[in-house]
Amino acid sequence: MSRIINSIKGVILFSTILCVGHCKEPIESDLEKGLRISQETNQFNDGFFGDSSETELEIINAHGDKIVRKMSQKSMEQKGDGDRSLITFQWPADVKGTRMLTWSHKKKNDDQWLYLPSLKRVKRINSRNQSGSFMGSEFYYEDLSSVEVEKYVHKFVKEGKINDRDVWVIDRDPVNRHSGYSKLRVYIDKVYMNPLTIEYFDRKGELLKTAKFSKYTKHGKYYRQGRIEMVNHQTGKQSNITWSKLTLNKKYKSKEFTKNALDSF
Amino acid sequence: MKKLFVLLTLITPVFSFQYRFEGETSIEARVFKKDRFSSTKDHSFANKTAIKWRAKHENYSAEIRGFARRDLSQKSRDVSILEEFSLSYEENSYEIKVGSKMFNWSALEAFHPVDNVNSRNYDSNVESPEKIGQNVIQYKKLIGESIVWDFYYMPDFRHSKLTGKDSRLGLGSFDFNNYKLYQGNNQSTNSSTKDQYGVRYQRNFEGGDISFHYLDFIDKTHFLVQANGVGLQALFPMVKQYGGTLQQIFGEYTLKVEAAYRDYDKDATLVANGIEDHLQLAMGLEKTIYHDNSQETTWILEAQNIFGVDEKSRQSLDFFQRDILLGFRHSFNDVMSKELSGSIIVDLEESKQILVSTTWAQRLSDTSKFKFHLRMIDAYPNVKVPVGLQHLNQDHQVLLEYIRFF
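Listed in order, the protein sequences are those of chains A and B. Numbered per this note's numbering, the first sequence spans residues 1 to 265. Numbered per this note's numbering, the second sequence spans residues 266 to 671.
In isolation and in its complexed conformation, chain A is listed as follows (with noise of 0.2 angstroms):
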């Protein structure tokens, strides 16, 4: 009987120590959990000095008329604020040339420059508005400008399964006023440690717009997108976005990310 007392003793005790150390952990809010789990997949992220690949922009309007556009892009990593990206525009012919300049900001508007070759032109962007179409396509500029924790207030919503793959959901609202949409509800892969489906819900709430990620490829530790798919639900509109020549870790001057460089070779 004393055994039997003793046992349960035992495992009262124990129960209680494990209760004790559980509860001295504060529960981690949705909040919370959104924040660090987009943190934490940026820091992986982070670390790859500078990029540099051949894109082909592909736009479909509702009818299945369809454009393809041409870019080479790079861009380069900055300490303490965002990236900086350059995009040469390569076809159609009568936009071959063009260039567009971003200084990526954490928290402030963008820094945005237009290079016209015709006219040996810088133009400044105003980057405020940051749901302009980007080159007609159904992507906006936002979309495009690298990924900052610091512009969205982050939730977790769930942990699923999106074609067997483990995600993370979480909503981002964007911090900024000026964006096009009140959330994006971003489904992020825990291997890629990247998106495989991002949902665009429009300044009403409504869902306005789905990107379908795929064609991951392995560049050291990490992994990068060959394929966006951006279908408009209200619109019927389609653009798609795909790498090659993807090439991570180049080592970038400084200078060639600046308004000078834009007129250069």
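Hints in this document: simulated from the structure, not taken from any laboratory. Treat the numbers as computed from the prediction; the structure is a model and nothing was measured. Certain hints may be false.
Claimed, not checked - From the structure, some residues in chain B lie toward chain A, with a derived Cβ separation under 7 angstroms:
| hint | residue |
| --- | --- |
| 1 | Glu287 |
| 2 | Met367 |
| 3 | Glu410 |
| 4 | Val413 |
| 5 | Asn469 |
| 6 | Thr519 |
| 7 | Tyr555 |
| 8 | His595 |
| 9 | Val600 |
| 10 | Asp631 |
| 11 | Lys634 |
| 12 | Glu666 |
| 13 | Phe670 |
Heads up, the beta-carbon is just placed ideally off N, CA and C, and yes, glycines get one too.
Assemble chain B onto chain A, guided by the hints.
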């Protein structure tokens, strides 16, 4: 031109340059409203071909860029212009460029007080005449990521190409047959060499870009017109120009400023012809509205004024001497990249002077484009000798342009 292509083809593989070549050829059909002069051509049909070649080998780069126009109905518009023919060497923090260069320092869309380094072909487009390359030795110094100093030495004089007597953009029945450098005191020279200097400072900061410049150079925009027995000659004076530009984001608006103060040598002939010290200032606001259907409209409001001279001098100094512009550019952002733009320029001094223009542009294929341009100019000349925009009174025109890229 053929020799140039052969040369480029030969040197490219030899030096294993990275290179880019692009070009376009266009057919322009232009019809003006009939005027009272039998000497002027009221229509033109032209072909323009432009090429651009750039190459880079380690720290060296080269650029050649130019165009040629052949007008079937107006021989005086035939032209071959070299806009850029330069060789550059760059290191981390500096760059040296030697050769012919096309400058563009402008910040505004319509009025460009500081975009006057290059000579111009005035028989092209009244709003933005084509540029002629300026020979220059340029030393560029980069300081950090945001500051650039440029130092220029320009050794020669390339005059602007003025209109022929058959041009609807010209001075009626007069033809320019000589271009000279004006030396002051009624003296001029046919010499094409003249030392000219310039320095420019550029800086970008949060939400803005600013630049300042000083030029001691030949003014190819403001010139004396003198009869020389068989026609007209243009005499181009030296000028010291202090100027600058600003592009600054304010919320949804972009503020743009261009200013140039021109300081001429004190000369009675220049003063008698309205070429006096003056400040040309242009300011503009731009706002882009993004529509729910992915289309976008950019609204432009710009104004320009010339200070420091009387009304008569002001009118002779620029087509747009005290003017305001309201314009828009609507991009449909569709698969054919359709775009409609339009503007109205009203003279605030001569309230009856109005220039209205509108352009429709769209792609026809991945390598071709079509433009339809309509322009109306009512300048109501009420004087014997027209000045400024009055020269172009009733020069209404329709322009169709088909462009093929290669």
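Verification of the hints:
1. Glu287: Check passed: Cβ of Glu287(B) comes within 6 angstroms of chain A, closer than 7 angstroms.
2. Met367: Interface hint status for Met367(B): holds (6 angstroms vs cutoff 7 angstroms).
3. Glu410: holds (5 angstroms)
4. Val413: Status holds, d = 5 angstroms.
5. Asn469: holds (6 angstroms)
6. Thr519: holds (5 angstroms)
7. Tyr555: Hint holds; Tyr555(B) Cβ to chain A Cβ min 5 angstroms, cut 7 angstroms.
8. His595: Status violated, d = 13 angstroms.
9. Val600: holds (4 angstroms)
10. Asp631: holds (4 angstroms)
11. Lys634: holds (5 angstroms)
12. Glu666: violated (12 angstroms)
13. Phe670: At 3 angstroms from the nearest chain A Cβ, Phe670(B) passes the 7 angstroms test, so the hint holds.
In the structure shown, a violation is registered for the earlier hints numbered 8 and 12, in ascending order.
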